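Here the protein sequences line up with chains A and B, keeping their order.
All residue numbers for the first sequence refer to the numbering used here, where the first residue is 1 and numbers rise by one.
All residue numbers for the second sequence refer to the numbering used here, where the first residue is 1 and numbers rise by one.
Note that these hints are calculated values from the structure, not bench results.
Since the structure is predicted, the reported quantities are computational estimates derived from the model, not experimental observations.
C-beta atoms are modelled at their ideal positions from N, C-alpha and C, and glycine is treated no differently.
Be aware that one or more of the hints could be misleading.
To be verified - To list a few chain A residues with every Cβ distance to chain B over 12 Å, as calculated:
#, residue
1, G63
2, I260
3, E265
To be verified - Capping the alpha-carbon separation at 35 Å, the derived lysine-lysine pairs in DSBU-like fashion look like this:
#, chain 1, residue 1, chain 2, residue 2
4, B, K334, B, K420
5, B, K138, A, K252
6, B, K420, A, K252
7, B, K392, B, K175
8, A, K86, A, K57
9, B, K334, A, K64
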Amino acid sequence: MTTRSDVRPASATEVLPSSLPPRRHVLDLDDYSIEEIELVMQTTDAMGEVLRRSIRKVPTLQGKTVVTLFYEPSTRTRVSFEQAGKVLSADVINLSIASSSVEKGESLLNTARTLEATQADVIIIRHGASGAPNFLARCIEGSVINAGDGAHAHPTQALLDLYTLRQRLGSIEGAKVAIVGDVLHSRVARSNLWGLAAAGAQVVLCGPPTLLPMDWLRDQHLQGRLASISVTTSINDALDGADAVMTLRLQKERQQDGLIPSLREYARSYQINADRLKLAKTGAPVMHPGPMNEGVEISSEVAHGAASVIEAQVANGVAVRMAVLYLLATGRGEE
Amino acid sequence: MVGTRPLFIKGGRIVDPSQGLDLVGDLLLQEGRVAYVGAPLDTAPDAEVLDASGLIVSPGFIDLHCHLREPGFEHKETIATGTLAAARGGFTTVCCMPNTEPAIDSAVVVDFIQRKAAAEGVVRVLVIGAVTRGRLGKELADLGELADAGVIAVSDDGSPVANAALMKSALLYMKPYGLPVIDHCEDPVLSRGGVMNEGAVSSRLGLRGVPAAAEENMVARNIQLAELTGGWVHLAHLSTAGSVAMVRAAKERGLPITAEVMPHHLTLTDAWALGRQGEGDVNDPLTATAYDTTTKVNPPLRSSTDIDALVEGLRDGVIDIVATDHAPHAAVDKEVTYDEAAFGISNIETALGSLLSLVHAGRIDLQTLVQRMTAAPATLLGRAGQGLGSLKTGSVGDVVIFNAEAPWEVDPAAFVSRGKNSPLRGVTLKGRVFATVFNGSVAYQEGA
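Required output: the full structure, derived from the provided sequences and hints.
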């Protein structure tokens, strides 16, 4: 049994500027500065070290209650949050919608009040409606972590993407990152926009015109924090010289909207396959937030090939979520 | 309810666009009617006196579009609470939409509302019947029966009459009655699943948008059908610049089209959904206040370009009237996610303050605004001749007395409406009602 209770690396303290405001919720990355992202990255390093020990348990969050409240099915996000909480010794309660009062028609508000009454310190929510975590945050006293809401945000996914990119590229600053696919419906893309832009990446968003939120992503809005973002419908332009490629899941359930002619047509025009990948820099990592539609947005060859870092993304998920939980529950590294 | 004692409204600035009147003077109401209006009287009659010095006196406001929710949704509003809220807002006539349960698609329901309003209403309630049975858009309601029961228009408000052939029939059928078909202009395929204006804000929030074209498609269709049938279409709650342009062109061609606009579409943009009451940039961080469901309304809040066109249209008379679309909801209808929240704003108590902000900003003059809320809707109702919306001698004794300058902070909890769903919570409005007089009697007085 380990006797080390302080998992914080020395460097995390060093990068912590006194000006960082206290954080109560993790709703998106739109309010993360580069300093705070760097703090998460370095804390993730330390958490990764904990995960490599023979006994993966530290008492940091002992006595804290963490609730996962998932209104949408999820495998990797939910499991990694649960594992993150348990490694940190938090009491983790998984509220399964199928066995809860929600199935009986209980509103999110009343569910939140019930959880509040059990003195949950952190509620991790996944919901199909954009803004559900914001709503929860205005209803309760505790902290809220957004584990994915509608087409809005998925901040911990973006943090683990940043972490994975940092592992592969060293520095993200100045790197060209192509995000390809259904940007319109993608919470992963939205959160990555903020994170990658803060980290100084040159982000190129690419997809068919019907799957790009063009009314937002136009020049008048791509200023300030988003000045390094550009948009194209040309897959060749997007991949040309890219340092990394992020593939988005095509949301097949939205097929009925007639936004694309067919999966075949989509794959023909936008699939990340070995041929197209030649346009990117040699060895450029290929990412996917999962779950994949192999043969649609990504070919099996690429998904399981040398360039794929998809498994690393999943593996990093636990350490990143430990870092997020830790920083939130302990008041950003202060003890 | 005819006042037993004459009411003497003294020393106010009388603004009555029906007779081009704007002067400081006195107004005397007797037996529920206007007995005198004009220059200050030398001798005060033996009457109850309301000192209106420094205040504006105008005909009571007429709201051609509101939701009283009764029967069927009494947890949201009732005829009693809705008309009380109307009186607080300065309205003396309100026209209630038929999206009740059951829908107002038969004489029985019209009669129920008329009786209820006579017994419990604080101001005049006029009834709008449904175009289609059950508002289901499948077959026409018994329109003749509704007209004979006294409805002032028919509408499936909340939904459009999506079937163009049915709309055509309704327009033809209503012609002999001289009543308009009020259409909620929305292409239901183009708007499907949408919860706010389609634009940068909806994309930023990850919410599904309703494009301006969803409204404009249906406005265009209705203009075509008005031309085809010669029937009168009244376009409900216009929200886009494109709609204003089409109505302008249709009116220039002399087509039987009238239109209305709501206070929120004249003053608020879709940026209010970001939870900062319109402040800041679309890319500023979203906090717990984002996705403010009190901003969810149908048609949705649009852009500042749309606001400019709507204000211009109202000023020019392309848009005939201001109505409220007062849409009260219970807390449980709004304290949910944005996708799940009900559409609608409870605004009949804030309408005047919101609209006066346009006057204070110099975007419309007071006389024009008052005309769009009094004489113009009275004319649409065909009741100008019966003395509605006017302070001419002999007119109905419906009066509002308001202070156009007084600042007050909106506190929805203090609304008398059951609907506390206002995006203006905490906002300071300039202009509030001092007293509302209905049929010669005080229906509401500030602090009383």
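Now for the hints, and whether the structure bears them out:
no.	hint	verdict
1	G63	holds, 26 Å
2	I260	holds, 17 Å
3	E265	holds, 22 Å
4	B:K334 - B:K420	holds, 10 Å
5	B:K138 - A:K252	holds, 33 Å
6	B:K420 - A:K252	violated, 39 Å
7	B:K392 - B:K175	holds, 30 Å
8	A:K86 - A:K57	holds, 8 Å
9	B:K334 - A:K64	holds, 32 Å
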